[in-house]
Every structure is written in structure tokens, then in C-alpha cells.
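Top line first, the protein sequences correspond to chains A and B.
FYI, our numbering numbers position 106 of the first sequence as 106, with every residue one higher than the one before it.
FYI, our numbering numbers position 189 of the second sequence as 189, with every residue one higher than the one before it.
Take these hints with a grain of salt, some might be off.
As the list claims (entries may be wrong) - Heads up, simulated EDC-like pairs for lysine to aspartate or glutamate below, C-alpha to C-alpha not over 20 Å straight-line: (1) B/Lys189 with A/Glu138; (2) B/Lys189 with B/Glu166; (3) B/Lys160 with A/Glu331; (4) B/Lys160 with B/Glu182.
By construction, these hints were calculated from the structure, which means they are not laboratory data.
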Amino acid sequence: MSSARFAFAPALLGDRMHHARVHKAAGGRVVGFLGNCVPVELIHAAGCFPLQLPALPGPTPRADRYMEELFDPMARSVFDRMLAGELDLVDLVVLPRAVDSLQRMYYYLCELRRTGSEAVPEAYLYDVLQTRSYSSAEYSYARTVELAARLAALSGHDPSDAQLRSSIALYNRIRSALARLIERRRAVPCGFPGAAALDVFTACQLMAPTEFLAVLDRLLAAPPQTAAGTRVVVAGSAHDEPVLHARIAMAGGQVVGDHHFRGELLLGPPVDETLPPLRALSTHYQHDVVSARTFPGSVDGFVELVRSAGAQGVVFYYYAQEEALTWDHVEQRQALQAAGVPWLCLSMQPYPASEAVDAEVQGFLARISEGRP
Amino acid sequence: MTDAQSRSGARSRKDLACTRDATAYQREFVKTLRTRVVDRGEPFAIAQADTAHEIFHVMDIPVLSNQWWSSYLAAKQLSSRYFAVLDRAGYPASSCRYCSLGLACTLDADPASAPWGGLPRPTVITARLTCDCIQRVFAHWARALGTRFYAFEAPGLAHKDPAWFEHSRTAWREVYGDARIELHVEEMKGLIRLLELETGRSFDDGKLGVLMERINTQEELLDEAALLIGAARPCPVSIADQVPNAMIPQWHRGSDWAVAHARRFRDEVKERVAQAAGVAGQERLRLMWIGAGLWHDPGFYNALEALHGAVFVWSMYLPFAGPQYIRYDLSDPLRALASRICAMNEVLHLPPWMNEWMASEARRSGIDAAVMLVPHSNRLSVSGTKITRHTLEAAGVPVLEIAADMVDDSGWDHGAMVQYVSHFLTSRVIRGGEQPR
């Protein structure tokens, strides 16, 4: 179990919705969301608790009634939990257009509510586009304004410009603290274990931002925690639990970079504090955050992450339901080849990782250690 | 039938004279297209089916639909070869394969085995970003072809009108939303500018208006045929005849030939209704086919007629013509065109549009049971199927899912599938020896 788990208890050790429940019990509103393309700054500024809806690995019999096989497994799990009534504390679920599984889930939730077939929370589509054109930018800005109005109606609090700016600044401080953590993790030797780092990313969206930042600052004030092992970057499908990271560590590796939407791509670069706040948020989520729909895509960010992490190898891990990111694989692999970084591709995998990957991971790390990748 | 024939696809039986003419026309068209783009090197475009082909038609730029090209490659039995190309290139197995056959053909770079010797460089390839894969597949393809990819966004649709099919012809601004229509108009203008610069050909709003009027005429004829087929007992035309007579004119929508052919098809349908001509000797079950066409085994649609008097009377291609193509009020033809294009994915694959339309169509056509194609390799194509199944079953229409692909015939066994559907009909539709009619 990672050291971060204790630091971020009870969010990571007990009830993942603990902090949201406390907020709700005090009369606040909870806004659930999924993915890395929902403006958490806006939710926080409206006085609501932004909660990345937690998945729970295991069977999903309720979701299976309505959702076809090829949905992201974390989305499927959350959908199942909604149908089971386990996420009833949520007042509104905001799903981004930016991820295909999530936008389809939005329509499913709306239909189940419309027909009265199931009691599920109200869903809202944040219709953010991610092609980098002027028309997409203008369209996304209008949708960001609409989301702000919906959140204000939900909470009864229409945040002022200053409050929006303050929320953006708070999340930028979180981005900066996470950047320090990433830097420590990428140091040689690695100064923050891979599993613990992923836990921090997960905790980031289970807690109120001020509370999270306070804990993270304390964690970063402590001396680095050196972690040994062959330096590995994990890429491909997103992970919210460090199961793969633990398996890689058991095999003698150490994850020093997470190139996925719940890892280092979670919050994106700092939001521009010089722009009008809604414009800044719209630009950030349309243009600056990398998602499955970012277009045109680029391999550069991936290559830079691998380089700056000093990775000795990359493990691509794709869920069986992953039909899109796999199309980036060949180009990423070619870039690694050019950089002389070996890679291992684990496709058609379950969520979360299982012991079935151990032999391949061990073999991969052994080849790196022996200098015969 | 030999064992091998039993496993592989079979040809479908065609009852209408106009079906032969449609396929003959398409064959000739393909020859002409090949001459224009391969031999003469004219500028041309590759476009997904759910893009505004009308723009290319107005500018007299040949357009090749990716879905048509995929079905052409599949019909030439090249699917397995090309999927192997993608495997060898290193794309992991879960990569969506639906739209990627054309890319694989280009990557294969083998003029000896590729139809037309492979496609030459198009001026542009274009698609709407209806899923997370398509931008990647088309970006790779554009790079391999040495051309550019023009992407259309596919925004969400927050206004959900379950009875969209009743309102879409006239109230299309409300049904599809001004913001989404406006965005698509802007993007279409971008494509037009690009084509004008690249080809030197020009776009004319007046020409588009005339084309849109003619398309309305064509779609009204197809819509009338769909209504006749749904109302007639016995079913005068099975989907083996419906699909080519709807789709081939749809690729050429608004052309002289397409309008004339739609009229001819409608007339033949009318004639068969008047003669009480039926598809099966004795029609006992009316079936609905949900999903894309089974391009590698069209004979499957006729296989249950002799066994159970079961006739596939409904497939989306023909009845879709009315609600999704007809657009009244053409004062701003580009906006009307945008409304036709900008929600194709939602109405065909997402609730409440898909399920409510299918349930309404099942009622209209007197459907006894539905067979649903569920290609497990493609999220876009399978999405909405389970909720649609619930809606149909709640309306009293039993549904059977078939896990198969529309272009990839690996694992498909014609004989076994016929038996599978037959068992479903026997156990869930024909109860106690009593058949519905």
C-alpha cells in the first residue's frame, strides 16, 4: 500500500466519497464528473463539491443491461454504481463531450430518467469540442457559459469574476504542487514511488481543493522517498488505481511517469489567469487539455514525458474496450524506437490489471536490465 | 449447398427489375469514377457516408464514400488480408476496424491486389468526428495518401426530441438545434474554401438550392415506397431489394438518374402492392433488420423465407430517407443541408432517437421480431442497441442480437446463423405452433 494512502485517508483508505458526503451533510451540493475535460474550477467556484466519480472494479450486472461491451470500464463501473443507487449523493453529473464513452453514457442516463426505467442522477453534457479551430472555440465558449449558468442555478450561487479567478488560481496552485511531485518522481533516483504518485492524482479529485492542497504541501515538505527499480512510463488507457504500478514494482520496476488521462494528463497546464475567467476555462478545456478527442493529435507530449522522466522503458496498457488510443500506438512506438527506448505492449487487458501481466512485465524488465531490449 | 458455401456468404435473391438496373448503374458509375480519378487524375474526395456529399456534387468533384469503398473491398474478399496488414503494422487488436479497411488497403501498397490498383491521392479526405477513432484513422490515412484530412466536429445534442422523425422535415432548426447547425455551416464553408483553392472549381448556393429541391423529390419517392412496403400485406419487397434501391440513389442523391430511379422503384413497389405480390410464398413472420447491412452475406436475408415464411421487411436505409433527408424551407440551403448531416450519428445510434424511431417503425410495419447486428469491434455501431432492445421488447417485439461484423466475415457461418435465427423464431416468436399470421 502506498504511503500516500495514509496521507489522503479517508479518501483513499476508506470511503472515497467521504469528503463529498461531509460537504453534502453541511448543506452543500455535490457535482459528479468523469474524465479530465470538465472544468472543476467552475464547479468549485459555484460552491459545489467537484467529485471525480469513483469506479469500483468488479462485475457490473446493472450496467450490462443497458451498456454495450465497448465502453470504458471505469465509466461502466460508475454507471453501474449509479444504477445501484450508490452515487445518490450527487446532485448533478457533468459528462464531457470530449470522450466518446462518456458522451454516450450521458444519453443513456437521460433516457433512463426520461422513461422512468431507473432512478439515476440528472446528467448534464459539457459539450466541449477539441478540434483547434476558431468555430470550435466559439462553440465551446458558449457551452462553458451555459455550464456556468447551470451550476449557478444548482447551487443558488452565481460566482463573481473575482471568485472565478480565485478558483482558477487555487487549481493552478494544485497544478504547480503536482508539478513538484512529478519533478520529484522523475528525479534520479526516483524520489516518489509510482503507486503513491497515482494515488495522489486520484485523491486530487476526491477532496475539496483547499484540503487536498494542504495535504499535498505537507507531503512535499517531507524528504523525498527514494524508490528503486527500472524506470518505466505507463501509457495508454487510464488508471485510477495503482494496481499495474504495484505489479511493475513487484517485478523490479518503478513507474516514473503516467501518460494517461488520470495520471499526468489529469489537469493539463496552468489555466491562463490573464484572460477573462470563462474564456480562460473554455480555452483550457478545448485547447490545452489532452483528451481522446484532441485533434490534431501529437506524439510530442508523450515523447517529452518519456524523455524527461528518464524512462528506461514504456509499458503500453490498453483495456480490451480501448478502440481509439491504440491508433496512436504505432507512431508512439516509432518515436520510442528512434529514441532507443524499449517498450512493452499489453493490449486486450482487464480493468484493473491482473497477475496475468506479471510474466511479460518481468521478462520486459529483465531484458532492459540485461541490456537486450 | 457445399459445406464451404454453407459457411460463407450467399447471394441474395432480387425480385425487382429496377434492382438490377441500380446495380448496373453503380457498376458503370464505378467505371466512370475510376476513369476520372485514376486514368484522368481528376481531383476527387474520400468522405465518410455521414458527411455532406452535396458539396462535392455541386462542385462536380467526384466523391468516394469510405463506407462504399469498404464494402467494395469486403465484396472482393479482401477484408482478412487488410486486417492482417493492420496487425503487421502493429496496431493492437482492440483498435476499431469499421472505418479502417481503406487505410489498410493504402498501407498495403500493393497495386496488384488492390481494386483499381489502389486509390490515387485525393484532394481531401473528410469525416465527422463521431467517435474517438475516426480522427486517428483518417489522419493516418491522409498521411499515407499524402493528402489532407478535413475534420467536421460532432458536438452533443442536448435537445432530445423522441418524436424527431415526425418533426425533422419542417422543424429541423428546433430538432437539431441552431448552435449545432451553425457550427456545421461554418465548417462546411471551410471545406468549400479549401476545395475552391485546391481545385479551382466554384461553389454556388443557387446550385445547391436546386440540388436540395431535387433531393427532396427523390426522398419523397423513397419515403412513399417505404410507407407502401410497411403497409402492404404481404411484403412486396424484401430488404435485399430495398437496400440497393435506397442506397445507390442515395450515393447520387439529386442527380437525374437518382430521382428517376427512385420514381421507378416507387412505381415497381406500387405495382407489386396492387398485384399482392409477396416476397415469400406464404408470409408468416415480418422481421426487422437493425444495424448496417450484412455486406458479406446478403443472401442471409432470404434464407428464412422458405423455413418459416419469415421476411425481412425493414432495414433502416429506406425508411431513413424521409425523416433524415427531406428538408422543407430551403431559403438557406446550406443550413438545411447542415441539419441533414449534423445528427446522423445520434438519430441512428443513440437514445431517445434510435429506439423511439425503431419502435415507431416496428409499429408502422407490423413487425413480429427484430434481428439486431451487434459488431463487437465498434462502439459507434453497437451503441444504443441495448436500450433499443428494451424499447422494442416493451412494445412486444422480441429481439435477437447477432454478434457479427458488417465487413469482416471471419467467424461468420451462414448455415449456423440461419439456424440460430430459426431457433429464436421457433422459441420466442412462433409460440405453441401458432404463428402470428
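Inset, instruction - Starting from the hint list further up, note which numbers the structure goes against and sort them upward. - result: Numbers 2 and 3 - these are the hints that the structure violates, sorted from lowest upward.
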